[in-house]
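Model the full structure from these sequences, guided by the hints.
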Amino acid sequence: MAMNLTRRTFLKAASIAAASVPLANVRAKAESGLVKAPLVAPGSFKNTQTVVGGVCEMCFWRCQLVGKIRDGRLLKLEGNPKSIDNGVSICARGNAGVKLLYDPDRLKYPLKNVGKRGAPKWQRISWEEALDTCASKLKAVIDQYGIKGISMFPHGSTSTYPMDFFEKTVGTPNISEASFAQCRGARDTGYLATIDYPPSEEYADMPNSKVILLIGSHFGENIHVSHTKQYLKGLENGAKLIVVDPRYSASAAKSHIWVQIRPGTDTAWLLAIMNYLIQNKKYNIEFVKEHGEGLGKMAEGIKQWTLEKAAQECDVPAAQIKEVADLLAANMPHVAIHTGRHSSWYGNDFQRARSMACLTGLLGAFGVKGGFVPPANPGGLGDYSWPKSGHHDKTLQELAGLYHFAPPGTPPDLLRETAITGKPYPIKGCIIWGQNPIQTIPNQEKTIKTLEQMDFVMCVDVMPTDITMFADILLPDCSYLERYDLIRTGTQWNLAEEHRQFIAPRMPLVAPGFERKDSVYITNELAKRMGYGDKIPIQTQEEGINKMLAGVQLSIEKIKAEDGIHIQPGKDPYGDMELTIEFYNEELEEHGYPGIPTYIPVEHPPEGYYRLLYGRSSVHTFNRTQNNAWLMAENNINPVWLNDKQAAKLGLKEGDTVALINQDNVKSRTTTTVKVTPGIRQDCVYIYHGFGSRNPELTVGHDRGIDDQSLITKLAVDPESGSYGMRNNFVKLVKVG
Amino acid sequence: MAVHSLPPDQDDASVTEAATLSSLYSFLALTMRYPDPAFCNEPFFDTFESLLASLDWPSELAELQTWRRQTPDRLDDLRTAYTHLFITAAPGGTIPPYASVHLDGDGTMYGRTTERTRDFYRACGFDLLSETEPADHLQFELEFLAALAGEAKFDDEERFLQILFRPWFAQFQKKSMQEARHPFYKVSIQLIDFFTKEEQ
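Respectively, the protein sequence lines represent chains D and G.
Note that this note's numbering numbers the first sequence so that position 362 is 362, with each residue one more than the last.
Take any residue in the second sequence, note its place counting from 1, add 1000, and you have its number in this note's numbering.
Bear in mind the hints are in silico, worked out from the structure with no lab data behind them.
Since we're looking at a predicted model, the values are computed, not measured.
Virtual Cβ for every residue (Gly too), placed ideally from N, Cα, C.
Be careful, since some hints might not be right.
[As the list claims (entries may be wrong)] Now the stretches of chain D that chain G is said to cover, found in silico as 3 or more residues with beta-carbon under 8 Å:
{"#": "1", "stretch": "65 to 73"}
{"#": "2", "stretch": "506 to 517"}
{"#": "3", "stretch": "691 to 701"}
Next comes the structure, spelled out in structure tokens:
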């Protein structure tokens, strides 16, 4: 460029020759984004306001929040002082919600992929174009392949409304929720098959327990504020803590007994404890007489599980199993056998959950202080729903005669297999809403093949993720800080204190930024374009919340006037739960599964390999927080824990950089560092789940650490529930550099 | 369009100069706006070329002309390029056009700088039309400069450039010159630099 001209001289010249550069004509074609406004002296609008009604979603626990807002900008998040759940406390992730809200990489506008699935090239488009495209493409799939040509992968509260639409009104059976098959499905169904009552991690009355038994749960690394308060109060009150974990977790570090069990053998360990309690009549005979069914059959079936046999299988001392059993018996019924949550570990997890429920029954620990106690949450909330269409196909598991204890929805394994093979029918349309199936479902190659064969893929999310790279149309969702969408209910965190209940709807702390839209808007607009406009149950998120609140004579306005949380007198949660404990379940046997809790052995690692275990970082929620600058500043890699003796054998030392290769010769795309420790068994290694995203649109999180899911290629599916077992893969470590 | 007009007591020469500067800033703001057929059309590109010719920037002019000649659907091409450069793409590929991302230390949007920028607008009697986008987007800052020039508030213009605009734009430009391979955006950013930098 010629640099002899300055701005000043140009302006003078251009002023004379203005007609030769018709700037003004061009300028007149577009409205300025700025308008005249009354003069505001600096400082006159500086008041910081406290906005109430926030309900966190940096994890699923949903602590109640307030936001410090100045001039529409969220400065800080805090616990709502009125909360009887988390109180004023929020965790690191809760604090870092500000960084999610204002992450420069967040999705801002509807996008069309003008490149390829997996290697996208985006173009911003209008909502009209985006919605028209999504609706016409989905309709085209339905017209050609029928309703079951559509599939959906939803996750989180934002996806509840659209999931209802596609499941009930459109009528597709191909819906796969991450929270089931890749998380708590085996636990839920195992308990349901035993006590006919859905379990929850919230049902452990830890503050009032004499013994807390954690099987794999690692509080301290897994932080949910009121839950952590319950756990710590229990320890403060003198509860004995038993932690079953192959790794010296944060909880193991606080334990009275650490059971360093061989991975996958927990059910054998539980059966031995139950056998010992029965054989020695150390169980709650009165409770079992009143509530148990089939104890004799179970006792007979598990009598082979002596302390010695379990000791050998589980690789722990027989004396320690006895010590645990005696401790439980001595303190029954005030024993909290924590149900855990993520339980899709080894493909034998239904049986473990069932064993845990049976052990709780043997100890009579249902409904008693310190035991399994569902809080008396407030009831009476109103409801609204998409109408059922009357067109409902059988699910894939029903067609295949598999997974008889799976809930509604389809295990992703069947869904992917069907999509790839086209049998028993083609699946050609895919809606992904808040879920990242690449980093949650084992065998990523199969997930990618599933997507590649689709006629149309749409994603709705807050951030770019691994899966959004495969979208044809990508829509920007409102974050939990910008929308209404659920009502959190509960009680005071310590069940033994004054009984109170709370009702806290999620309300936006700030207005949605850019062109983000909430799921009610998006779903309704799709419904109208797909010919279901007359079935729409609510017009706005606010209408939905008000309909629910009307059931308890409340409204958004009333809740706002009550500082974001309605509190009312509660009920005593303790007392007879009127359960029947099915130590033997006939229905299970009818479907060809074991009628009594049964241990199904898992494969041992081949020579030179270690079992790959994964878990949580205390400052992350898996891939959902991988681009959060504050949280990544605290923890931006997932070091692989390796036993010190094995490290010496391999010639590895703390901080060495390694890649991982699994039993199927799949090598990690990225590397991580080694953490050498005596605090893990010699037959396994451990890393945090959710790192190493493949999406380069994540400025902070892309390729940080290793994506453990990329190494989970061998599938193990729980036969009763259809959940995945994700800890049956083995890796070796390869030093890099 | 919001009309920014000069007070009547300015002499004719400075009135013309201010109006030209205001139009220039407005034009530059358009180059940083998501391409829309309402303005992003042939007269717009013609004007762009005229401006480059007036400035005597022959190589930039040639680049733009080549791009026009070789690109049948220019609007579509610019939309993809804009999305890639300023909205979402691989790291390094996208240069967020928000001051706070470059100035506030932790790569945030809606940072302290966003607030200071909006404060500045308001203190000069302007505000954003919409609440959904941050005040420190390059487009809005250029529109603000256009508004100030339109009212011949040259002191405010200079102060804004010095305190809030140049500190981040210099960083933005540096990154852009590494990434902005698209001739339209490369030249646009060079033009913005030329018309906003302090004269030696």
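Report the numbers of all earlier hints that the structure fails to satisfy, in ascending order.
-> none
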